[in-house]
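The whole structure should be built from the sequences, with the hints applied where relevant.
Protein chains: 4
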Amino acid sequence: MGEQVRAPRRQARGERRIQEILDAAAKVFAEAGYEAATTNRIAAAAGISPGSLYQFFSNKEAIAQALADRFVEQMGRAHREAFESGDLVGPLLPEMIDRMLDPILAFNIANPGFKALFARPDMPAGLASAARPIQTALLGRVEAVLAARAPGVPEGERARSARVMIQIFQAMVPLVTSSRGDEREAMITEVKKVLRGYLEPLEQRRA
Amino acid sequence: MGEQVRAPRRQARGERRIQEILDAAAKVFAEAGYEAATTNRIAAAAGISPGSLYQFFSNKEAIAQALADRFVEQMGRAHREAFESGDLVGPLLPEMIDRMLDPILAFNIANPGFKALFARPDMPAGLASAARPIQTALLGRVEAVLAARAPGVPEGERARSARVMIQIFQAMVPLVTSSRGDEREAMITEVKKVLRGYLEPLEQRRA
Amino acid sequence: MGEQVRAPRRQARGERRIQEILDAAAKVFAEAGYEAATTNRIAAAAGISPGSLYQFFSNKEAIAQALADRFVEQMGRAHREAFESGDLVGPLLPEMIDRMLDPILAFNIANPGFKALFARPDMPAGLASAARPIQTALLGRVEAVLAARAPGVPEGERARSARVMIQIFQAMVPLVTSSRGDEREAMITEVKKVLRGYLEPLEQRRA
Amino acid sequence: MGEQVRAPRRQARGERRIQEILDAAAKVFAEAGYEAATTNRIAAAAGISPGSLYQFFSNKEAIAQALADRFVEQMGRAHREAFESGDLVGPLLPEMIDRMLDPILAFNIANPGFKALFARPDMPAGLASAARPIQTALLGRVEAVLAARAPGVPEGERARSARVMIQIFQAMVPLVTSSRGDEREAMITEVKKVLRGYLEPLEQRRA
DNA sequence: CATGAATGAGGGTTCATTCAT
DNA sequence: GATGAATGAACCCTCATTCAT
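Residue numbers (the UniProt record's numbering), protein chains in the order written: chain A, 1 to 207; chain B, 1 to 207; chain C, 1 to 207; chain D, 1 to 207.
Certain hints may be false.
For identical chains, the list gives no copy identity; a pair is met inside one copy or between any two copies.
[Stated by the list, open to error] When the alpha-carbon atoms are kept at most 25 Å apart in a straight line, the in silico DMTMM-like pairs for lysine to aspartate or glutamate are as follows:
| no. | residue 1 | residue 2 |
| --- | --- | --- |
| 1 | LYS60 | GLU20 |
| 2 | LYS193 | GLU84 |
| 3 | LYS60 | GLU200 |
Since the hints were made in silico from the structure, they are not lab data.
So this is what it looks like as structure tokens:
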């Protein structure tokens, strides 16, 4: 509470600038990919000069890193929403899948820059490790849900199943984001079918 | 008379060089991604001078294109093997999945550069269209198998299902290639479970 | 309100830089010819870095183009001076020749880079067409003078005579620029004799 | 006489090769200009490999030099023909001009590569000095003719007049070679008028 | 703090020249 | 002698980064 009061005007303005830069970067990365994105273009998109950009970020990689962090945080929010907005253990499988998937898909649809950043072929260690926390958290949460809903699956296998699940819906994202209208809806339905087809046998296993 | 047999020795050597360059390019692209890969580094990896590269390829993009073509051809072979090595309609689902997946996974495991090339964010039309033929062929083959094995699925839905299937196993590839030994085997088993879980309901649908 | 007067300081500096670069380019082109002139050398001669060159010109050709345009403009001024500074029809032939030649010779003496640029063997369309306007204008003016002073020359022949005249004094330029002092003066006298010897019979022809 | 007998077959073949290379070089220089002409292209035009080219010429400049020498020799022949084929002092001015100009124009029309070589902006000392001998010889001859036909011109002025004459018809060459058919003939007539207009007053001067 | 001109290392590419075959 | 693949220095140009204003 007292912390907010201390924040001077300056910092608030700087924080806004940073967000504007990251917005611009997300847009440019999404349009051109990480490598082809130039810092000058990002600066222009943010409506500032290249020099100003470097007042806030020490280099291009740092922009990517910060953007990644922001994505990660937002993604984390989407995940928390996915996992904490209601009971994931009680309801039937289809409903649980809806609850989990919808916020995550929504996030990906709303943030096209996300993939440009996290899909780059030469992702440096720093970036990969920025994504690690959510990946780890996500993995943990999915494992927890799995443990509760499919107690028959032995622990060693469970981690693997969780990874497979995560990979599945991350892989399906482009199929969803690249289609429009009814086709997108139909795609979402298919993704859910895939997950259901994979999870149903797990849930029915004996302990 | 002998004119048709034009410098067979030379051509053989040239052909070998081209393959060496493509091998080097595959390695460098895999390590650094397309953008960060420098032609000088590719030349060095191929054990030749930068100038020599350009005796065989007119520019960097042409190297990527040729490499893509080679991948496409090899991939095409893997697909043909996957789809033509035996009956895919008669056998039970698990066996059919084995027949389809194994050669494709083998190819991907053997060619780590493949993804670096076909996953780049700014893939130019030429490259994308190089991949198109196999994608299209693959789609067609999967659809054909689906039509035979799951006649209950209406035509419009079938294309979508085929795309989902392809996306699934392409997405699973990194999970497989990034793991080793028993874990890799277990991963392969999981991938097959995913496919089975998605296909079984389709096959059981009424026409 | 003040918006129209956009960064006058900056623009002035930029304009000066452009002129400095063109000065440097004129010098380097004159010394080395277009092909052998390197952009780095032009930049060095202008006292700036190679990168800065490209802040003002998009490529080497553009520098040549701009330099050509500047030459053309200056040359145009010399021509206008040559043709508009007084009556060219009334006076005797020798005086008219003085009025025409002197400003053009002066321009060529002052701008040694001019020929390096407009004499290059592979002159691209852009450059040739940059020179076209003055050539055409010059031709037109000479023809007009001819029409007035030598009405006996039929129209078809007049164009040819104008071209010959222009070629003569353009060809004499190196003879003049490469000599010094009295020799130069004597050369100028000779050039004028050539023109006079060619024009006198034309003027005396009957209509 | 005995010299020819000593020349072995080899050398004869080598000599022929050299001429073929120079023919090719003349063509390529004419088409592309000196700088843009590549040694590989010259070799290809000569129907040999780049390596073979260097068996005969140590570098690109040496080709230009040898070609220049050959041009100079041929030009010299044209000049000798121009000046030695008949009396240049007895006949009337127009006839004398015909005798002098026609062979030189013929040479230039027949050898388009000539100009590409001798008009290059960065002509090295070697090349310039290759042309020097004919220029000097030509100058001497023109001066001699002038001395005989226009004895009234003082010696100091005579050299200058000779240079002007040479420059005039060298400058007119492109006007002639760039036009075709009747227009070319008409141009030749004009060139001769220019020379006549310049020479007539000289011849009529008192000693 | 903002600006944007300036920097300069480094990338893709060309081509005169060499050398193993 | 002939071949043509191989070489590598040098060119044009880009762009992340700096710095004078």
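Can you name, in rising order, the numbers of the hints this structure does not satisfy? 3
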